[in-house]
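Peer 1: So the chains spell out like this:
2 protein chains.
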Amino acid sequence: MSGTILIPAETIARQIRTVFDAWGMTPEYADVAVEVMVDTDLRGIDSHGIGMLPTYQRWFDAGLINPRPDIRVVREAGAVALVDADGSLGHPPSVTAMRLAIAKARTSGIGMVVVNNSNHYGAAGYYSLMAAAEKVIGLSLTNVAIPLVVPTFGRDAFLGTNPIAFAAPARKNQPFSLDMATSAVALGKLNVARRAGRPLPVGWAFDDRGDFTTDAQTALVSPRLAPLGGSRVLGGHKGYGLATMVEILCATLGGVPLQGDRIGHFFLAIDPAALRPDGGFGADLDGLMDRLRAAPPADPAQPVQVAGDPEYAAFAERTRVGIPITAILAGEVEAVCRAAGVPFLFGG
Amino acid sequence: MSGTILIPAETIARQIRTVFDAWGMTPEYADVAVEVMVDTDLRGIDSHGIGMLPTYQRWFDAGLINPRPDIRVVREAGAVALVDADGSLGHPPSVTAMRLAIAKARTSGIGMVVVNNSNHYGAAGYYSLMAAAEKVIGLSLTNVAIPLVVPTFGRDAFLGTNPIAFAAPARKNQPFSLDMATSAVALGKLNVARRAGRPLPVGWAFDDRGDFTTDAQTALVSPRLAPLGGSRVLGGHKGYGLATMVEILCATLGGVPLQGDRIGHFFLAIDPAALRPDGGFGADLDGLMDRLRAAPPADPAQPVQVAGDPEYAAFAERTRVGIPITAILAGEVEAVCRAAGVPFLFGG
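Quick note, the sequences are listed as chains X and Z, same order.
If you read the first sequence in this note's numbering, its first letter stands for residue -16, the second for the next number, and so on.
If you read the second sequence in this note's numbering, its first letter stands for residue -16, the second for the next number, and so on.
Don't take every hint at face value.
Unchecked claim - Pulled a few chain Z residues facing chain X out of the computed Cβ check, cut under 10 Å:
(1) P(-9)
(2) G171
(3) P182
(4) Q200
(5) L203
(6) V204
(7) I231
(8) D244
(9) F264
(10) D267
(11) L271
Read the hints as simulated data drawn from the structure, not as lab findings.
As the structure is a computational prediction, the values presented were derived from the model and not from experiment.
Beta carbons: idealized from backbone N, C-alpha and C, even for Gly.
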C-alpha cells in the first residue's frame, strides 16, 4: 500500500491516550479504551482500532459520549448483573462487565452481564478473548444503532451489523476465537470495493427494489447490507434471525430504546471446569482444532483454518513490525490531534 | 401433494406411542418423545417429527438407542449442570435439562444445562420455546454426529448441521422463535430438489473439488453442504465458525467424543425479569417485533416476517385440519408398524 507507514503499538497507544486526555476522559477509562483499541489493531482488525478515532471525535464533539461517566452495577441477582455505562465509550464498561461475568462463572459455573446506556465498544472479540485468557468460555454481543442490514423480504435497512464473538480456551492451542458480523459483509468492504473501482459480489448489498446491486457507489448512498446468508434461498433469513437475536439480548434485555443514540452489550462467561473438572475440555478442544486444521483442503495451497487463526498471524507480525497506518488514516489522525491541540506522533 | 393424507395430531401421537411401547421404551420417556415429535409436526417442521420414526427404528434395531435409560444429573454447580442421557433418544433428557435450566434461571437469573451421551433430540426450537412459555429466554443447541458441512477451504464434510434455536417471550406477541441449521440448507432440501428433478441453487452444496454443484443426484452421493453464508466471499467462514461454536458448547463441553455415535446438547435459560423486574422486556420485544413486521417490504405481496411466524401459521392450520402425511411417509410408517407388530393407524 503506497503511503502506508508502520507504527509501533506503543506509539499508537501513546497517540490515542494523548487525544483521550485532551478530551477530558477519566484516566483509568482512557487506559482501558487505549488497551482495547491497540490490541484490536495488533490483531489486524483495522476497522475497529485507531481507525475509529475520527468517528469517536465526531461523537465526542456532538456530546454523544460522556468522557467522565459513572459506570456502575445497577442490578445484580445471582449469576447475572446489569451495568449502566452512563454514556461512556463502550470499552471501559465492557471490560468491567466481562470481568464481573468471569468472576460469576468462577462461583456459579456461568455468569451473564448486560451493559446498557453505552456506545461503540470496538471489536466484539476482545471481550470473549478476555474470558478465554482466564480459561473460561466467553460470548460477547453488541447491537449497533445504525440501521445497515435489511430484514428478509424488507426493502430498507433496519438492524445493525450486530456481531457475535465467541472464544473458548484450549490447552495447547491459542483459544478458538470467532468474531463475526451477522451481516454478509462489513460496511467497510463496500468502501474498499468503491475505492478500488471493483463491482460488488452478488449477495452483499441490495438496491432500493430489493435486488442485489454490484455498484458500490450506489450501495453506499444508503447502505442496505444483506444479512449473513444473503438471499432467502441461500439462508438470508438465518442471518436476519441472528441479528435480531443479538438485538434482543443486548438492547431489549438491557432496556435500550430501539434505534436511539445508545446501545447495549451482552457478555457471557462459562467455566468449563464446572462441568469437566478434569480439564478434559481444553484437551478435547485441542483435538477438534487440530483435526479441523488437518482436514483435506480443496486447494492444497490454502489449508483449512480455525476461527482466530488470521488474527493470531496478524498479531505476531504486527508485534514485530508495527501496525500499518495508511496515509489517509494518518491524515485523519493528524486532524484529530490538531483539533484536540495535542502533538501528532506519526509524522516524519 | 398427490397421495398426501391429513392425520389429526392425536392419531399421530397414538401411532408413535404404540411403536415406542413395542420397542420397550420407558412409558414416561415415550410420553415426552411423542409430545415433542407431534408438536414439531404441528409446527410444520416435517423433517423432525414423525418423519424421523423410520430412522429411529434403524437406530433402535442397531442397538444405538437405549430404550430404558437412567437419565440423571451427574454434576451440578451453582447455575449449571450436566445431564447424562445414558444413550436415550434425545427428547426426554433434553426436556429434563431445559426444565432444570429454567429452574436455575428463576433463582440465579440464568441457568445452563448440558446433556451428554445422547441421541437425536428432534427440533431444537422445541426446547427454546419451553423456556419462552415460562416467560424465560431460551437457547437450545445440539451437535449432529453425521459429517455434512464442509469447513471453509476444506474438501470434505466434517461438521454436522449443528442448529441454533433461540426463543424470547413477548407480552402480546407469540415468542420470537429462531430455529436454524448453521448450514446454508438442510439436507432434506437436496432430496426435495432431486425428487423434483430441479437443479440446486449455486451456494448449497459442493462437489469433491470444492466447487459448488447444481446436480442434486451427485450432491447426495456424498453430501458436502455449504456452511451458512456459502462461499468465503459471501461469509461462509461465519457459518463454519457458528457450526464449530455449537460443536464446542455441545460436544466438547459435554465431553462427547468427536464424530462418535453419541451427541450432546446445550440449554440456556435467562430470566429477563432478573434485569428488568418491571416487565419491560416483553413490552419492548413486542415493539421490536411489531416494527419489523411493519417494515416496508421489497414486494408488497410478501410482508416482512419475524422468526417463528411461519411455524405459528402452520400450527394454527394443522391444529385445525390435521398433519399432512405423504404417501411415501405413510408407507414407511406402515413398515415400522409391521416390524414392531403394532396396528397401523393411518390406513383407509
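Peer 1: Return the status of the interface hint for Z:G171: holds when the least beta-carbon distance to chain X is below 10 Å, violated otherwise.
Peer 2: Violated, because the Cβ-Cβ distance from Z:G171 to chain X comes to roughly 14 Å (cut-off 10 Å).
Peer 1: How about Z:D244: closest beta carbon in chain X under 10 Å, or not?
Peer 2: Violated - the Cβ of Z:D244 stays beyond 10 Å from chain X, reaching only about 16 Å at its closest.
Peer 1: Just to be careful: measuring from the Cβ of Z:V204 to every Cβ in chain X, is the smallest value less than 10 Å?
Peer 2: Cβ of Z:V204 sits 17 Å from chain X, so the hint is violated.
Peer 1: Do the numbers back the hint for Z:L271, that is, is its least Cβ distance to chain X under 10 Å?
Peer 2: holds, 6 Å
Peer 1: Holds or violated: Z:I231 as interface residue toward chain X, Cβ cutoff 10 Å?
Peer 2: Result: holds, 5 Å to nearest chain X Cβ.
Peer 1: Min Cβ distance, Z:P(-9) to chain X: is it shorter than 10 Å?
Peer 2: violated, 30 Å
Peer 1: Should the hint that Z:P182 touches chain X count as held when the rule is a Cβ pair under 10 Å?
Peer 2: Violated. Min distance 12 Å.
Peer 1: Is the interface hint for Z:L203 satisfied, with its Cβ closer than 10 Å to some Cβ of chain X?
Peer 2: violated, 18 Å
Peer 1: Answer holds if the nearest beta-carbon of chain X is closer than 10 Å to that of Z:Q200; otherwise answer violated.
Peer 2: Nearest chain X Cβ about 20 Å off; hint violated.
Peer 1: With a cut-off of 10 Å, does the beta carbon of Z:D267 approach a beta carbon of chain X closely enough for the hint to hold?
Peer 2: This hint holds: Z:D267 lies near chain X, its Cβ roughly 5 Å from the closest one there, short of 10 Å.
Peer 1: Is the shortest C-beta separation between Z:F264 and chain X less than 10 Å?
Peer 2: holds, 6 Å
Going through the hint list in order, the structure does not satisfy hints 1, 2, 3, 4, 5, 6, 8.
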